[in-house]
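Engineer: Let chain A serve as the given structure and place chain B on it in line with the hints.
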Amino acid sequence: MSVPGRNSPTSVARHPAERAGRPPSALARLRDSDLWYSFTRSPITVISALIVLLFFLGALFAPWIAPYNPFDPASLNLMDGFTPPMGEAFSGNSYLLGTDDQGRDVLSAILYGARISLFVGFCAVLFAMVLGISLGLLAGYKGGWIDSLIMRIADVQLSFPAILVALLIFGVARATLPRSFQEDMVIYVLIVAIGLSDWVQYARTVRGTTMVEKNKEYVQAARVIGVHPMLIMLRHVLPNVMGPVLVIATIGLALAIIAEATLSFLGVGVPPTTPSLGTLIRIGNDYLFSGEWWITLFPGLALILLALSVNLLGDWLRDALNPKLR
Amino acid sequence: MVEVRPLPSADSPLVEAVDLAKHFDVSPPWLTRVLERQPRTLLKAVDGVSFAVPRGRTFSLVGESGCGKSTVARLAVGLYTPTAGRLVFDGTDLAGLNSRAAMAPVRRRLQMIFQDPFASLNPRWRVRDIVAEPIRAHGLLSETRAIDRRVGELLELVRLTAADGQKYPHEFSGGQRQRISIARALASNPEFLVCDEPTSALDVSVQAQILNLMKDLQRELGLTYLFISHDLAVVYHISDYVGVMYLGRLVEWGEARSLFRKPQHPYTRMLLDAIPDLEMTGRRRIPVRGEVPSPMNPPSGCHFYPRCPFANERCRAEVPLSITLPHGGEVRCHAVEEGRLTEAAVRQALGRGASAP
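Those sequence lines, one after another, are chains A and B.
UniProt numbering puts the first residue of the first sequence at 1, with every later residue one more than the last.
UniProt numbering puts the first residue of the second sequence at 1, with every later residue one more than the last.
I should point out that these hints are in silico values taken from the structure, not numbers from a laboratory.
Treat the hints with care, since some could be wrong.
Taking lysine-lysine and the DSS-like style, the derived pairs with C-alpha atoms no more than 25 Å apart in a straight line are [stated by the list, open to error]: (1) B/Lys262 to A/Lys216; (2) A/Lys216 to B/Lys44; (3) A/Lys216 to A/Lys142; (4) B/Lys44 to A/Lys142.
Covered stretches of chain A, as calculated for chain B (at least 3 residues, CB under 8 Å) [to be verified]: (5) 43-51; (6) 112-126.
The C-beta atom is built at its ideal place from N, Cα and C for all residues, glycine as well.
For reference, chain A alone in the conformation it holds in the complex:
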């Protein structure tokens, strides 16, 4: 029989050093794992990982890397607006990817924008994951009316497009939160909205796997021992359902980034004063037909590249963790 996830870096005992009695270092374990092997054998995956890593570092170190600070109104020169890429600006500054209508450097804006996009994407995925896993575990393990209730809610939500649900939640939150609160909270409201629109697939996957796992004899053994159901869920079932969840989370990250961009493009996301990639694309969209193509093209390319790379990573992870495809 197949042991779930035995190719993951967590199944450490397969290492020869372990059998000899020495615990191998984490790095040695990773180097020895099937996952690392399949990673190094797939050039597309390596390239995707590098691109994602670059985006991460770029976003993380944006204040140090970016040539200009697009959030600092004092440094903006409105006369520099609409400078084409590599073109000579009014102030004599040179902008690699040009400037937007307010004279903000597009490259710097992309770096700072990726920061917000990645932050929102990550937090939204984390939120959706925690919510989906908890509800999925509960539904799968308890069964009965709890299961029916949770899964019917999930079904209803699944019948609407996720972006619509996010829009709805965002709208409700804006209407209920006090106005003074909104500017600071908008990113968190966005995270909750995207997270709430995305928990269903985690819940469904986890529920399915939980229903399989809970009938396995080791879970029944824990029940006979008298372990608290909560502990059984967390310590026995959860580690064994994490494989598929990890795959969904990776692909979900790309979806969350796109969802954030879509919301921002529609004008309900982050405000133009702290632009994300989606906000940049929307700003540029207004000038696309008047010839200033670079304002929307470069953020758009960045978004495509990021989402595609994350997606390819997710695809690889799905195949690598699937014992039937190896």
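Structural biologist: Relative to chain A, chain B alone:
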């Protein structure tokens, strides 16, 4: 139904099942039922089973697959709650304990060993954590060092070494894994072990090791076993008492030796006739005929009548009650009760009298 009479040689029983029943609702969903006017469908997995297991002894349940013996095992450890009847463990009715807190003191005293040693151990846990799980769950020991010492003792008790605690389950063979299972079951010092086909997933040579280990442990620790198996040779080896189940009912039960020597119920006779052994080689024998009927739609009267060579109209209509046999034990069969099962009739029907080729 029938009162349970303790077997002649029994002390006070540690575990007693009284008219134990478990029905599963296998009806289609409510809406389908209403639309298609279907009635509820009940699967009577266990239908009025009564037995008693004396302290320090082994009671085995045998029967074909699907006869409900594993359901009895799960009822006995409280994984299922009975639909009807009682399961009395040392004076307490398990069915009456419906909260986890009320169940906890009893939980410690009964444990289970499962059939599949590859599925019953969490693949992601080290053996020492697996064995320590009951100790931690019941808070029997709190110090890490004391737990480690106890785990080492337990592993040595099942003839493994304390150092094996460092390893993961997949580093062991099936027999070794079953030993780990036993060590875990023993960790909370239980008195009663329910063994659900503990050897059926193992090689024959390993089966004997595990069975002997279980017998040794019974002697050393005074354990009481409820042993579930379809393997009559294994059952004969380990049991003090045997119950034969057929389609959710206990058709015959008694001391192992007398049941194997003098089987009364036609089903028991056919089962014993089906054991392959060297002495019988070359002799003509009648196999157990037919299939087990579906428990969702069991035959009326005696469940066994469609396959029974001695069945008559009464067997078709009337559920047989249990009667006590002269040499101890009980049987539920009209033919036995009426004395229709004379040696000659049996020989005739089972073909035992046929001349050797």
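Engineer: Each of the hints needs a verdict: does it hold here or not?
Structural biologist: A quick look at each hint next to the structure:
With a C-alpha separation of about 39 Å, the suggested pairing of B/Lys262 with A/Lys216 is violated against the 25 Å cut-off. A threshold of 25 Å between alpha carbons decides the hint, and for A/Lys216 with B/Lys44 the separation of about 23 Å falls inside it, so the pair holds. Of the supplied pair hints, the one linking A/Lys216 and A/Lys142 holds, its CA atoms being roughly 15 Å apart against a limit of 25 Å. Under the criterion of a C-alpha separation no larger than 25 Å, the hint pairing B/Lys44 with A/Lys142 is consistent with the structure, at around 23 Å.
Only when three residues or more bring their CB closer than 8 Å to a CB of chain B does the claim for the region 43-51 of chain A stand; here the count is 0, and the claim is violated. Check result for the region 112-126 of chain A against chain B: violated, 0 residues qualifying (beta carbon to beta carbon below 8 Å, three or more required).
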